[in-house]
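K.L.:
Respectively, the protein sequence lines represent chains L and Z. Per the working numbering, residue 1 is the first one in the first sequence, and the count goes up by one each step. Per the working numbering, residue 1001 is the first one in the second sequence, and the count goes up by one each step.
FYI, nobody ran anything at the bench for these hints, they're computed from the structure. Among the hints, erroneous ones may be present.
Once the Cα atoms are required to be at most 27 Å apart in a straight line, the calculated BS3-like pairs of lysine-lysine come out as [what the hints assert, rightly or not]:
#1 LYS25/L <-> LYS1523/Z
#2 LYS116/L <-> LYS1628/Z
#3 LYS1628/Z <-> LYS1665/Z
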Amino acid sequence: MKVLVVDDELDVIDLFRQKFRREIKNQDYDFTFAHSASEALGYLASGAHESTLVLSDINMPGMSGLQLLEKIKATYDQDLKVMMISAYGDQENINTAKTLGAYDFLTKPVDFIQLKEKLKKIA
Amino acid sequence: MKEQTSTSFLYVRLLCEFVVKSVLVILLSCCQLTITQTNAANDIDSLKIVLKSKMPDSSRVDALIELSKLLYGTDADQAVEQSKKAISIAEKNNDIYRLALAYKSVGIANYYKGNYVDVVDDWTNSLEAFREIDDKQGIANLLSNLGAVFETTGGTESAMEYYLEALKISEETGDIKREGTVLQNLGVLYSNIFDYERSETYYLKALEIFKENKLPTQGIATISMNLSEVYRESGDIIKAEKFAKEAKLLFEQENHASIPQAMLMLCEVLIQKDKLTEALEEAKSAYKISLDNNNKPSTHKALNTIGKIYNERKNPAAIQNFKQGILIGETIGKNVDLQYSYKGLVEAYRISGRYKEALTTQDSFVSIRNIIANQDKDSKLSTLQLQFDLEKREGQIEKLNAQNELQELRIDQQKTSRNILLGLLILALLGAFGVYSFTKNRKLDKEVKERTKALSASIEDLKTTQDQLVHAEKMAALGELTAGIAHEIQNPLNFVNNFSEVSGELLSEVEEELDEGNLDDVKEILQDLKQNLVRINKHGNRASGIVRGMLDHSRTGSGEKTPTDINQLCDEFLRLSYHGLRAKDKSFNVAFETNFDESIGVVKVISQDFGRVILNLINNAFYAVDKKKKAVGNGSYEPTVSLTTESNGDEIIIKVADNGSGISKDNLEKIFQPFFTTKPTGEGTGLGLSLSYDIITKGHNGMIKVESTVEHGTTFTIEIPKIRAS
C-alpha cells in the first residue's frame, strides 16, 4: 500500500520509518514524504507513484492541509483517500475537513496503534 | 521520488530565467544589435566624433541611440546617459517616434544594470509614446518587453496582461516572430502556476510557429525543453523523453551552451523510467561538458543529478558528488541547486548509516531552505494570487461563505459591547471632572465630595471591569492561543513523546533481531536509538525556548514611568527601524512622513516598553508596504509610512499609518491575540501586537486601536493619558 505523508517537520520521516520498521521491511507499506502541501501536489501531479492514501498535517506554513485536501478532491478521483492529522483536534477543523471530503482524522500526538488499524482497514 | 518532484520545480524556475534571458536576446537582436565587440569599440569612437559635429536634431537622436546600443553590454551607465540626452532632444522637438525609441533604449540600458524599477518606468513611457502615434510594431515590442521584465521580477499577473496584449497585436499585424516568442513566454507563465494543460497548448503553438517560419533553432530547442518539462510534470514520460532528446539534438547542432541543460533534462526522464545506467552516463557527460566550458551552474546541477542517481542505487559515491556540488554551489550563491545538494547529502549520509553527519548536514539544509523560502515568498504569493484571479475570471469559483457572515455578526456584537463599556467609562470620567469643577461652591462641597467618592468608586469599578474584559478577551482568545501553543509547543513535545516511545519499542525489537541473528538490523536499530536521544534533546530545547519567550511576554508593566520626550522617542525609533531594514535589504526603499505636535512636550511613560510598541508598529507598517511594493512590482505604487503625534486635552494620540495592502476583517479581529501572525514561519512570533496591547492598556491605562481598508492601508492609533513630569 502506497502512502504519501505530508508534514513540514522533517523528523516525521524517521518517526514513520521507525514505527513502521517491520511493515516497511515486509513491504506491506511504501511511504513517501512531502514537506509542504505544494510539494505534495507537485508529487501527485507527476503521477509517478499512485498513492492510495494521503496522510496530511493541517497546520503547515504556506498552503494548509485543508487547502491541500480541497485541491486533491478537485483534481483526483474518490479512490485517493485523504486522512488529516492535526494538533488542534478541534471541531471546526474536523467539520471543515469533513465537508471537504476527508476520509478520516487523527489527532496529534499520533496514536500509531490506531493508525495501523485504520491503514489495515483501507488495505 | 520526492526529490524528483522538487527538482522539477527547480528546473521550471531555471527554465523561466533562461527563457527570459533568451527573450531579451531576441528582443535585442530585433534592435539590430549584431555588432561584435571589436567593431563596437571602433564604432563607439567614430559615433562620438560624429556627434561632435553639427547635424539636425533628428539625426543626433538617432546617433545617440545607436551609441547607447553599442554601450549596453560594456558601459551601461554611459548608455543610460546617452539615451537620456536623446530623450531630452526628442522631447524638445516633440518627435514622438524618436522619444519612444529613446525611452526604450534607456530601459534596455537599465535592464543591463538590473534597475528593474527604472526599466518599467522607461518602457512604460516608451509604450505610451508608441501608442500616441499608433505604431503597432513598437507597441507589441514594448508590451512583450514589459511582460519579460515583470516576469523576471515576479510580477506574474502584470506579465500575463502585457503578453496577452502583445500577442493580440502581433497576430493583428502578422508579426510572426514576436507571436512565437510571446506564446512561448505564456507557456512558461502557465507552467509556473502548474497549469500544464494551458502551458502545453501555448508551447505547442509557439513550436509550430517557430518551425513553420524557420525561426532560430535555439528557440525551437528551448521550447522543446519546456515541453519535456511540462510532459514530465503531467506524467507523460514518453513525450517528455521525445522532447528532451529533440532539445539535446538541436542544441548540439548549434553547439549551444545549453547542451548540458538538455542532457540533464533527459536524465530526469530516464531516472523516472528507472533507466539508471543510461541516466548516469548522460549525467556524467553533462558534467564533463559543463566542466570543459567552465560553466559552474550547470556543473553543479550535473553533480546533483549524479548524486541523485547514486542515492537511488544506495551507492555511497553520492556523498562525494554532493560535497563537490556544495563546494561549487557555495561560490555561486544560495540557490535552489545548493539546497538540493544539501538535501541529497543528508539522504546519502542516511543511506550510508552516517547519521551524525546526516543530522549536521540537515541543519545546513534547513537554514538554506529557509533563506530561499524567504527570497521566494513574494513571488510565490503573487503566483498564488494570480492562480486565484484566473480561476475567478473564468467563473469557476462561485462559493458564498456562510461562515464568514456568521463571523462578521459575532465581531459586530463584540465591538458593540466593548464600545458601550468604553462609552460608559468616558462618560463616567467626564462626569467626575464635571463634578470636580463645582467644588468651589461650599454649600455643595460635602455633597460633591460624596458624589465624587461614589463616582471615583464607579470609575474604579469600571476600570476593574475593563481589566476583566481585557482578561476575558485574552481568555476568549484561548482557542487561538491553544492553537498557537499546539503548533509551537505541542509539536516538539509530541516528538519527545514519540521518539522516547518508539525507542522503547526499538529496544524490544533489538532483542528479537538478536535472537534471529539479524546483526545488520541490530546495528541499524542501535544507530536509530542513538539519533533518537539527540532528537529528544533537540525538541526538548525547542519547547523550553518557546516557554522562555512566553514568560517574556507576560513580563510587562514592571518598569517605572520616567519623563520622556514622546516626539523624540518616536523619531528615534522610526529611524532605527528604517535603517535597520535598509541594512538588511538593500532594495528596501520606503517614504516616511512625520507630523509631530510640539505641544506634547515631556510626558511620563515607561520609555523602554513604550519604545517597543512604537518600534513594533513601525516595523509592521514598513513590512506591509514593502510586501505590497514587491507584489505590485511596478513604479506606480509609492510605499509610504506616516507617524503622527497629537496633544488632545489630557491625552496624547499617536498614529502609525501605512498605505500597504490592509488587513482583512477576519484577521483584524485577531490582530491583538498572542501568537497570531500572517508572517511566514520563523519571521514573526505573533506576540508583537499582543505585547503592545498589554503595554498600552495595562502599563499606560491607554487604548490602542486599528483601522484598516483592504488594498488601501492600515492605521494604528494609540491614546494614553498625559502624565506630566512633576
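K.L.:
Now tell me if each hint is right for this structure.
P.N.:
Checked hints:
Using a Cα cut-off of 27 Å, the hinted pair LYS25/L and LYS1523/Z holds, with the two alpha carbons roughly 15 Å apart. Our distance criterion of 27 Å between C-alpha atoms is broken by LYS116/L and LYS1628/Z, whose separation comes to about 47 Å. Among the hinted pairs, LYS1628/Z with LYS1665/Z is consistent with the structure: their alpha-carbon atoms are about 18 Å apart, no more than 27 Å.
In this structure, only the earlier hint numbered 2 is contradicted, and the remaining ones agree with it.
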